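Using the sequences and the hints given, assemble the complete structure.
For reference, the chains in residue letters:
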Amino acid sequence: MKGQAISTSTPDRASVGRRRFLTYLLAAPTLTVATRLAAPPATAAAATAPDPAPAPAPAPAVGALPGLPGVPDVVDLGDALILAGLPTAHLLVLEVTAAGRVVLHLPRAEVGQGLTTAVAMLVAEELDARLEDVDVPLSDARPDLLFNQLTGGSNSVRSLYDPVRAVAAAARARLVTAAARRWDLPAGSLRTEDTAVLAPDGRRAGFGSLAVAAAAVTVPAVPATPKPPGQQRLVGTPTGRIDARDIVTGRARYAGDLAVPGAVPTVVARPPTINGGVQSFDASAARGMPGVLAVVPLPGGGGVAVLAETFDQALKARDALQVSWRPGPLADLSDAGIRSRLRAANLPFLVPPLLTLHVDAEFDFAFVSHAPMEVLTAVADVRPDRAELWFSSQSPIVAQQAVAAELGLPQDAVTVHVVRGGGSFGRRLFFDAALEAAQVSRAAGRPVKLMWTRNDDMRHGRMRPAGHHRIRATHALGQVLTYEHRVATVRTDFRHGLGEALTAAGFAVQAGGLSLSQGFFLLTEKNPYQLGVTTQLLAEVPLDMPTGSWRSVYSGTVRVADEIMMDEIARTLGQDPVAFRRARLGSASARAVLDTVAAEGRWGRPMPAGHAQGVGFHEEHRSCAAYLVEIDATDPAQPRVTRAVIAADVGRAVNPRGLEAQLTGALIDGISVILQAGNHIDRGAVREGSFADFRYARQQHSPPVVEVHLMPPSGPPGGAGELGVPAASAAVANAYARATGRSPRSFPITF
Amino acid sequence: MPSHTFVLNGRPVTVDAPDDMPLLWVLRDKLGVTGPKYGCGVGVCRACTSHLDGAEFQPCTVAVKDCAGRRVTTIEGLADGEVLHPVQEAWLECDVAQCGFCQPGQIMTAVALLRRTPAPTDADIDQIQNICRCGTYPRIREAIKRAAAAGPAGR
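As they're listed, the protein sequences go chains A and B.
Per my numbering, the very first residue in the first sequence carries number 141; after that it's consecutive.
Per my numbering, the very first residue in the second sequence carries number 813; after that it's consecutive.
Just so you know, these hints were derived from the structure itself, not from any lab.
Do not take every clue at face value.
[To be verified] Here are the in silico distance ranges between beta carbons for each label pair:
1) B/939 <-> A/682: 43 to 51 Å
2) B/933 <-> A/341: 53 to 61 Å
3) A/323 <-> B/819: 56 to 64 Å
4) A/777 <-> B/867: 49 to 57 Å
5) A/881 <-> B/867: 25 to 33 Å
6) B/878 <-> A/881: 16 to 24 Å
[Claimed, not checked] Pulled from the structure, derived: some chain A residues nowhere near chain B, Cβ distances all over 12 Å:
7) 420
8) 449
9) 480
10) 711
11) 739
12) 806
[Stated by the list, open to error] Derived lysine to aspartate or glutamate pairs resembling DMTMM-like cross-links, with alpha carbons at most 25 Å apart:
13) B/842 <-> A/386
14) A/367 <-> A/334
15) B/842 <-> A/459
16) B/957 <-> A/740
17) B/957 <-> B/888
18) A/367 <-> A/275
19) B/842 <-> B/865
20) B/957 <-> B/936
21) B/842 <-> A/528
22) B/957 <-> A/528
23) B/842 <-> B/878
24) B/842 <-> A/449
All of these numbers come straight from a predicted model, not from anything done at the bench.
Yeah, the Cβ is synthetic: ideal placement off N, Cα and C, and Gly gets one too.
In structure tokens form, the structure reads like this:
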């Protein structure tokens, strides 16, 4: 980030929809504009009140008892994270270079979700720049951003939509003003097109040629207001990824591909059990092997690192280490024992089963590894007085703090470069490999490129925690009177800065006896149906094992169990599952996506024996989605989803093509976690070791026919990265149940 | 240390490496060719998929000595300069990639499939074992069909 001093310019007061942003020049040789919030909102309610996000609507349907609005109706996790990030100065910085590049420094991670493309589109739209002239590099960790460099909660487009447009519009106003001065023409007579300013007489000045002059424009002569949505030409248009060519040619660089001078391949010998440790080790054989440069025990006692000239030599020397391992804390525990603990921890229902008709069900969900294709990899160069790291991170500021604390360095002596990531699904909220790389680099006195193996990732990586769900619905005269959902999970680790962010936003998430997890649960989990008196409670079982948020977090199990119950209640009441849902959905947009998949998917069409359709619906992040899938479960042990029809309303899709990709990826996640992919715990160790036994879906499990239908724009963008997982998972489970006549209770089904 | 000579992306290379070193690490750590990715090291995820004498293989499970005198093609060698291979073009047209990490392997697998089977059926495409953790399978299927429909030019 080059500019530091704020110029004397009068800030542009661009009112962008819900919030106002000040934009201002940074002192720099070419045009560099930053933005920050105009005035911090007094309270959470004040900030969210003008948000046109759907409020709980009055009950539209006969035959359904309204429930109380859930917390996420009023303020959800995304709102909380936006609030936490609002006060940050220098929120975003946009530069126009003399070479005509428009550069928006993005304080978020790109892990495949397509954020850099969406942001480039927003920038290109406001500046009337060609998309190919826009660069969106990932910012280094910027502690000045406090809580505004956390990628998660499907919150990036939601939080960036307004400020990116504000900063780009401010830059455009200055470029136009600079051209007007050069040509001595009224600024209002000029227009912008294809990364250039155009005069009525046909003269044309590329942004690059104006970059220096525009840096001196303190007061723009034209409004710096973003375009109204009706004038957007690029936003909302299906657009290919800006990094697609780099990817298909092999030029895209991930942490392991970086050629940092002197950084040597490093792997770590790890214990057979979760959180086990080194009792003693003998490295004499390993040290003598070809290519080996050093053997370094990890300071925490969790393993022994081997540095070598190549990864092959490091791996072979690692295997030659003689290590005596201390068993991990769960060495006596296996899946059955964990399941018993979860059942015992689950809280009781309030409504007794006496005198009422009721439907009860219990569900178990296994642990699920994140298993991103790129295993955790980090490059670290630690010197006595400073450190520099390169890795993909959703939480680089927290990582920087942790590395600084570990090394005993001031935070500003640690530089964290955020590299593109090969998938994440929540995994890169944590920075385990970076911390290890810093430790090993310091101990060995040289830069390292530390890589977890796939086996490390499966056996010691984080997982979606296993959970047990108990649900009771009471009903009379065809109406659901009460709906109770009790969830017990192994504790989810949220220690990646989330608690600090929520606290900063004014949420006392850890007050009143609530854990951080329960605060998260409260801000995210909402049953979208009117089911009378509804309660849902989380109980946690703390186990000493690595867990973490897995794409869609609690909704990935809570809402799936809900959606299976919806089918089962409908069946008990003799009602059609789609009609039953529809009558109990509160919002028109929710009913519209459900109607769309029912119509486009030809809900109810005749299917051969062993085949069936299933639906699932989910609403979160100010968005909603419905999935209809068809399954061939002729062989119940080898089900195949054959077709999927998806509908989503995200308010406004910046890039419909990217949104479709997210919704399709969520479908494959749903197929995987419901039918076949999970992790077993055997005596304190993860049984699975690679994609050979962690059976994430392959092409043969993916439906040959997938259709995605996006609802027309209706408001500001909602979140979408995680949106599809619960609905897709539920649709697969419900289709399987209908095809087989079974009631699946434990997931994945073939496990 | 033994010396090994093979043709890499059209050019002969000679590299000193132990006989049993998997080609993947020779490519990545000794030759700086990083298109083939490590995803498992045991030939299961297929993120490293490349071509040996024009046929699909996984460099993580093939020793460098077994490549001596043969033609190795990685994703970097698929395009003709700046002119992309038709399968790469199909990948762009279908906007297949998400995180992109598995895509070099997916593309090399698709090219090999189309060489063997110029008009693959859904069942043929289902045989592909490469993992894509982002779940881009539907667009991979679409891109393969598009490349097949475009004909054998360039393959």
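Indicate whether the distance between the beta carbons of residue 881 of chain A and residue 867 of chain B respects the range 25 to 33 Å. violated, 46 Å
Regarding the pair residue 842 of chain B and residue 386 of chain A, is the alpha-carbon distance no greater than 25 Å? Cα-Cα ~22 Å, so holds.
Against the 25 Å threshold, does the CA-CA distance of residue 842 of chain B and residue 865 of chain B hold or violate the hint? holds, 21 Å
Can we confirm that no CB of chain B comes within 12 Å of the CB of residue 420 of chain A? With a cut-off of 12 Å, residue 420 of chain A remains clear of chain B, as the shortest Cβ separation is near 27 Å.
Between residue 842 of chain B and residue 459 of chain A, does the CA-CA distance stay at or below 25 Å? holds, 21 Å
Does residue 449 of chain A lie within 25 Å of residue 842 of chain B when you go C-alpha to C-alpha? holds, 9 Å
Pair hint outcome, residue 957 of chain B versus residue 888 of chain B [Cα-Cα no greater than 25 Å]: OK: residue 957 of chain B and residue 888 of chain B at ~23 Å, within 25 Å.
Given a hint of 53 to 61 Å, does the C-beta separation of residue 933 of chain B and residue 341 of chain A actually sit inside it? Given a distance of about 60 Å, which is inside 53 to 61 Å, the answer is holds.
Given the hinted pair residue 367 of chain A and residue 275 of chain A, is their alpha-carbon gap at most 25 Å? holds, 21 Å
Straight-line Cα separation of residue 957 of chain B and residue 740 of chain A no greater than 25 Å? holds, 24 Å
Agreement of residue 842 of chain B and residue 528 of chain A with the hint, judged by alpha carbon distance not exceeding 25 Å: Within the cut-off at roughly 24 Å; holds.
Can the suggested window of 43 to 51 Å be confirmed for the beta-carbon pair residue 939 of chain B and residue 682 of chain A? Holds - the Cβ-Cβ distance for residue 939 of chain B and residue 682 of chain A, about 45 Å, lies within 43 to 51 Å.
When each numbered hint is compared with the structure, violations occur for hints 4, 5, 6, 8, 12 and 22.
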